[in-house]
Amino acid sequence: MKKLITLHDMINLEMVLEHVDGIIVGQDTYGTRLTHSFSDEELISIIHEAHERDKDVFLMANQMMTDDQLEGFGSWLMQFQHQPITGVIVADLGAIITSNEHGFQGRVIYNPETLATNDYDFNDLTRLHVMGVYAAKEITLSDLTRIGTHKQVKMFMVGHGHLNMFYSKRQLIQNYMDFLAEPTRFHGKQNLTLIEEHRKEEPYPILEDDAGTHVFRRHVMHVINHLDELSGWLDYMIIDTLFKDDRYGALVGQMYRYRDVDLMKRIQEDYHETWDEGFFDKKTIYKGKGGEQ
Amino acid sequence: MIELLAPAGDLEKLKIALMYGADAVFVGGQQFSLRARASNFTLDDLQEATSFAHARGKKVYVTTNIIPHHEDMHDLIEYLKALEERHVDAIISASPYIIDMALKHTTLEVHLSTQQSTTNAKTVNYWYGRGIKRVVLARELDKHQIKQIRTKTEADLEVFIHGGMCMSFSGRCSLSNNMTDRDANRGGCAHSCRWNYDLMDGETKVSDVPFSMSSKDLEALEQIPYLIDAGVSSLKIEGRMKSLHYIATVVATYRKLIDDYMKHHEITDFAPYMKELEKAENRLASHGYLEGLPGVEQQLYNARSERPTQLFIGLVLDYNQESGIATIEQRNHFTEGEAVEIFHPNGHVEPFIIHEMMDENHQRLDVARHPRQILKIKVPFVVEPYAMLRKR
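Heads up: the sequence lines are chains A and B, in that order.
To convert, note that position 236 of the first sequence is 236 in our numbering; the numbers rise steadily by one, no gaps.
Count along the second sequence from 1, add 1000, and you get the number used in our numbering.
These aren't lab readings, by the way, just hints derived from the structure by calculation.
Here are the simulated lysine to aspartate or glutamate pairs, DMTMM-like style, with alpha carbons at most 20 Å apart:
#, chain 1, residue 1, chain 2, residue 2
1, A, K282, B, E1071
2, A, K283, B, E1071
3, A, K151, B, D1100
Full structure from sequences and hints, please.
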């Protein structure tokens, strides 16, 4: 099982990569929920530096895309066609097809957030010759294991970080500030939270970027207690440091590498975090009053 | 001919939707649907539904649109075959497993659910190439992007025109899963996006005005001509939980608008249609994404969108032409002497005054105060079952 991590500042690349196997970077033209939006030149520099260290590099281009965006995306990808990129992570089937058309067939990873909930649907993406698929975040460890033991492509999973639970194309914070008749000052800020009126103890991180608005779980997902099990079938475990910093990433990488429980406690204290295991042991109920779909 | 597609939460609503002008309805079955609730259509209900619809040259689509976990995948093929045997016209699905099983084991037509959030022509064509006849496009597209997709695909395209909207890309939201342990992609959405929140900048509350993600409902009356001209195949109204009167009014209004545009190739004044819609439910409405990225004017802050009207007061069950007496089921309080109107299934409205009202034992009444009470009312013109009695 390889571990991948996100990056805030390219001057920290060496530090962040020390304990992990690869990096995920992107640009807000086609990526979203990024720790940082890197320029084309910075991306190429990061790709080469990581490659020289024998590390994997993944480009994050996970926006939902319209026809016009796909056209631009294809052109943008061309400059990376001959770069030593391990893969391109996308969230849109059209983006897979576009990536394939631009020389990335076999190097595309599909991250549909919530949709790969069973082994059939997970493996369905072999039709588009993807390198891998992100398993859904909201399924149990038992379901993940079944997918992992029946997978026909590489399996990816966010193993550490604030998991995304809402992605709207609307600029919801901008709209709110407009409603208040106040200037917008929160676009791209990573220190915002939402507190629901009946859940005062649960601040949910919220981020508005160029692609829309995103709300995240309060607790940090972690898998420190399941590394042996995951290693049996998971190919890539992602450490997402959105809302944190590169020092945090380096520490978390070190923690997973050495399974350092003391370090885990120190990180939780330093960053005032509560960690949990997401839906590993939690089954959602579903016979309720459904919304409009 | 463009299709007007309406929701139906039960058999009665299905009949109302079809009688008031829908070309097709979508319903939830008792398995594999995002409305997996006891009141959903049984297989027997579906048999009755398709018989009723097909007798009128109309269609019934069944949602099998959950995103299944392993535990949900049992008995699917048998269920799909049962739908086929009941002559269901299509299923609406998002999971490749459900889609593939339907295409492999049945002759059912398959429509791709908006749960897949399809936003571009490449994705539409990918699914079309797999045997999907129709794609329900994501709500996040504007009308020009919809038209652009139309020019690049042979697939039928379905577009939302009216009703409540998911605030997230459909199918990609797990607010409900995380906040209430209810799986939004398996019928448990708790509408957490419609709750009130405080927006915090670090430790500081940005404002005492609650932050909301909630949106006004979609209302696309003014976009209908464009969508028809663009070549959209189906216009979809949402709201399987809505009332009979809501379904009847919304369907009849869009039916009239579509027919008027097809006849005259122009709509110069949308106000009469808007006024008619307001009789169903006085909701704050917006164009969604159809005119571009929604701004502040399309959001809801600290306000309920829904303001149900009390206009709908009775449902016509029967009419005796000899006596001129209609049998009517009470739905809201009204009195003898009130000015009312009959809302006919063909969209026409006829006024009259209630001069004579009795209970089912022919005892004279001056007030209809009991819900579902059966009433006998003298009506000075012919009415048919499923016509609605409304206050003026």
